[in-house]
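Take these sequences, add in the hints, and give me the full structure.
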Amino acid sequence: MDQFKQKFKEEATDLINDLEEALLLLEQNPNDKDIVERVFRAMHSLKGGGAMFGFDHVSEFTHHLETIYDLVREDKFLVSADLLTITLESVDHIKDLLFSDEITKEIENNHSVLITKLSTLATNDVGKAATPIENQDNTASTQKSFYVFFKPNPDVFENGTNPLYLLDELCELGESRIISHSENIPLLDDLKESNSYLYWEVIIVTDQELNAIGDVFLFVEDDCELEITQVAEGNLLADEKVIRYLADIEKESKVVDIQKLEREISKNKENKTEQGSKESTGTDTSVISSIRVASDKIDTLMNLVSELVTTQARLSLFTEQQEDAELDAIGENIQKLSRQLRDNAFSISLIPLQSIITRFQRLVRDLSNGLGKKINFKTEGTETELDKTIIENLTDPILHIIRTSIDHGIEDVQTRINSGKPEEGTILLRSFYSGTNVFIQIIDDGKGLDHEKIRQKAIEKNLISESTQLSKKEVFDLIFMAGFSTAKEVTDVSGRGVGMDVVKRKISAIRGDVEVDSEPGEGTTITIKLPLTLSIIDGLLVRVGVTDFIVPLSAVQKIYAVNKSEIIDNYTHTVVLDEKQTPFHNMREFFTIDKEMPDTVQVLVVTYEEQSVGIVVDYVVGEYQAVIKPLGKHYKDQEFISGATILGDGSVALVLDTNKIIKQSAEEV
Amino acid sequence: MEEQINTNIKSYLSFKLGEEVFAAGVKNVLNILEMVKITEVPKAPDYMKGVINLRGAVLPVIDTRIKFGMEESEFTKDTCIVVCEVDQDGEEVKVGAIVDAVKEVIEIDDKDILPPPGIGNKYKSEFITGVIHLDEQFILKLDMNKVFSTDELVMLQNNQNETNNE
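Line order of the protein sequences matches chains C and P. Residues in the first sequence are numbered from 9 upward in steps of one, following this note's numbering. Residues in the second sequence are numbered from 987 upward in steps of one, following this note's numbering.
Please note that the accuracy of each hint is not assured.
Within a straight-line C-alpha distance of at most 25 Å, the following computed DSS-like cross-link-like pairs (lysine-lysine) qualify [claimed, not checked]: (1) C/Lys641 - P/Lys1013; (2) C/Lys644 - P/Lys1063; (3) P/Lys1002 - C/Lys644; (4) C/Lys572 - P/Lys1002; (5) P/Lys1063 - C/Lys641; (6) P/Lys1063 - C/Lys668; (7) C/Lys41 - C/Lys386; (8) P/Lys1002 - P/Lys1063; (9) C/Lys249 - P/Lys1023; (10) C/Lys644 - P/Lys1023; (11) C/Lys15 - C/Lys103.
These aren't lab readings, by the way, just hints derived from the structure by calculation. On a predicted model such as this, the values are computed, not experimentally measured, just so you know.
Have a look at this one:
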């Protein structure tokens, strides 16, 4: 049972996420029927599932919510800000109910408070909302005829389902005609009294959508043969011929032939294509298009793929030495396959940013209400996909950035009006791909960062000295230093002095980078740059001295061969490449390797802060697929190394972070 | 591991650094490797020799001689890497220690371990948790968690420099 409970909790998490998302959407479009429907369905599933798996308090509580949204659904109740606030609180409460280890006093109190609120809402406002909306909708409502084929599996009773109740529920939706089929009942000797042998066909005329009919069967979907088809617009049961046809069928105990039925009615109906009218219930399609997989299975897959890639490198090295044409061909094929397998396995572990957006929306909503600010949270490009591990580690930093934006960035309504801005502030979360990086930007139109204030603060906190000359960018970077917080007083939202430095650290931990740009009075943009994936990269194997290094291929634009005389004793640290002056950093100098340099060295041109910068290495060995492994805590000070990888011969090569190398090397020169 | 009946008897791996013999609790020792090719990590302290491939994982390797302030010496056929697992702020961290030679596993009762000498000790007393007197020889028992801790590495080095300068 525990196992099922666990499963339900997982499912409930999805449902709750969906519910929250739908509620936030509903706030934007209070009149959208589809969203109300989505909210209702999520609640309905929560209630049903809760009852089935013994979460009675969840089920009972959700029932109260459902009652209200049923009214909303029927346009007897208006969606109001109050309603949404209480509903969101209720959703939080459901989370508590589901995931707390024990039900504390606090949760219990909350429980009764919320139920009282909900019931008052339900009774109070019904009358008010009912009149205006109903008038509009009744005129527009159209009746449709559906054909339902419902054949429960023989063991349906074992789950405690009574098909007759379902039929009753179905008939409540509108006018109906049921044909029951008893031809499957076996002779008495073979009859098992615990089995169900009947099946039914129903023609139902209702103004509800197909989904509403599907909802009736929501919990037996897997235990029956079910077919729901919209056969016609309008009332089919008003048609003499159809009634006669159905009567005939019942007499001869035949199954309704939908096509024939459709032909009967097609004469006076518009030409509707079969496909258009035939819809499977929503859940069916989603089952086929995606499956749920435990994340540790994906982790295992990724590990196996990593090992395969490493082993493949050994194989490549071996085949090279053998000089056997056939072995070569096999080796190359394995290489191709492992590359494809790697890409595929990666795409499995990618999830869209959308999956964490709801939490941000929630934060913006709750926090802006609490601070009396008006904020519109917009998102762009949330379909951008990122590695699962990155997404997991990204939520907290982004939450913190948004929190800071709301607290310090966006001004209150009065200030905004005074400075000629729209009273509603905007926070935009934007995400896009660029090369092999993913960028996430959080842009607000608040008061921006005060350049001079940051400088003063940093001097005050002894982070820099009075005389330090800093560029604009460097000043902004100060806010990421530990112990820096510009808030004048500590609020419960931000300004505890821990914050942006933690953001920076967390993002660095997933090999990302974070930058700030700001225009006083205009707003602030925080850009997070992330690698697409953490574990395997396409790299360039290079050698400096006796040591092998991997440079991410994505960073390298071009490779030039240069005579060593151009590098050695070159005090300008620039070299002319393609008739362009290019500053360079000699890795031998940087790594303090004394050995004699080869006569010809190679310069990798990489992009650093939108400039081309050269990195001088002895020799480029070739392309290499590198499985990145952590270097461990003992080398935490070697920031310019992002990890290590095992080469084909079993030795270790270090993976370089070109940005950090150039930054550090530039500081040393 | 430790026996139920007399839990005071524990096993130690003894190894040589120069003429000195040290002992490490076997519960910290995972295995012993022959010397392999070590990939040097640039810009790291001297005693951080580099990294090696330990069955597909990357293992940092420390030259214990340099770390203990001894002269660096050529590796011989006896030189090996003792793979240890040490506790770092509640996290298990693996690290390889290069030693001149591994001797044996000895079993010592806790009561036979003498307290470390307070004065005249070459090594920081925090790292030596006791002295074992065995076969006319003194064996220094090490606190592996402290010796190979990521923070202490820096501290010990600084300390060594200071003493060298004096």
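Legend entry - Pairwise hint evaluation, lysine 1023 of chain P against lysine 644 of chain C, where the allowed Cα distance is 25 Å at most: At roughly 22 Å apart (the allowed maximum being 25 Å), lysine 1023 of chain P and lysine 644 of chain C satisfy the hint.
Legend entry - Distance restraint between lysine 641 of chain C and lysine 1013 of chain P, which requires alpha-carbon spacing of 25 Å or less: holds, 21 Å
Inset, instruction - Sort out whether lysine 644 of chain C lies within 25 Å of lysine 1002 of chain P, counting only the CA atoms. - result: Cα-Cα ~29 Å, so violated.
Legend entry - Proposed proximity, lysine 1023 of chain P with lysine 249 of chain C (alpha carbon, max 25 Å): violated, 90 Å
Inset, instruction - Quickly compare the C-alpha distance for lysine 1002 of chain P and lysine 1063 of chain P to 25 Å and report which way the hint goes. - result: holds, 14 Å
Legend entry - Restraint check for lysine 41 of chain C with lysine 386 of chain C, where alpha carbons must lie at most 25 Å apart: holds, 22 Å
Inset, instruction - Sort out whether lysine 103 of chain C lies within 25 Å of lysine 15 of chain C, counting only the CA atoms. - result: Holds - the C-alpha atoms of lysine 103 of chain C and lysine 15 of chain C are around 15 Å apart, at most 25 Å.
Inset, instruction - With a cut-off of 25 Å on the C-alpha distance, tell me whether lysine 1063 of chain P and lysine 668 of chain C pass. - result: Not OK: lysine 1063 of chain P and lysine 668 of chain C at ~39 Å, beyond 25 Å, violated.
Legend entry - Hinted pair lysine 644 of chain C and lysine 1063 of chain P, Cα distance within 25 Å: Roughly 31 Å between the alpha carbons, so the hint for lysine 644 of chain C and lysine 1063 of chain P is violated.
Inset, instruction - With a cut-off of 25 Å on the C-alpha distance, tell me whether lysine 572 of chain C and lysine 1002 of chain P pass. - result: At roughly 45 Å apart (the allowed maximum being 25 Å), lysine 1002 of chain P and lysine 572 of chain C break the hint.
Legend entry - Proposed proximity, lysine 641 of chain C with lysine 1063 of chain P (alpha carbon, max 25 Å): The hint is violated at about 29 Å.
When held up to the earlier numbered hints, the structure conflicts with 2, 3, 4, 5, 6, 9 and fits the remainder.
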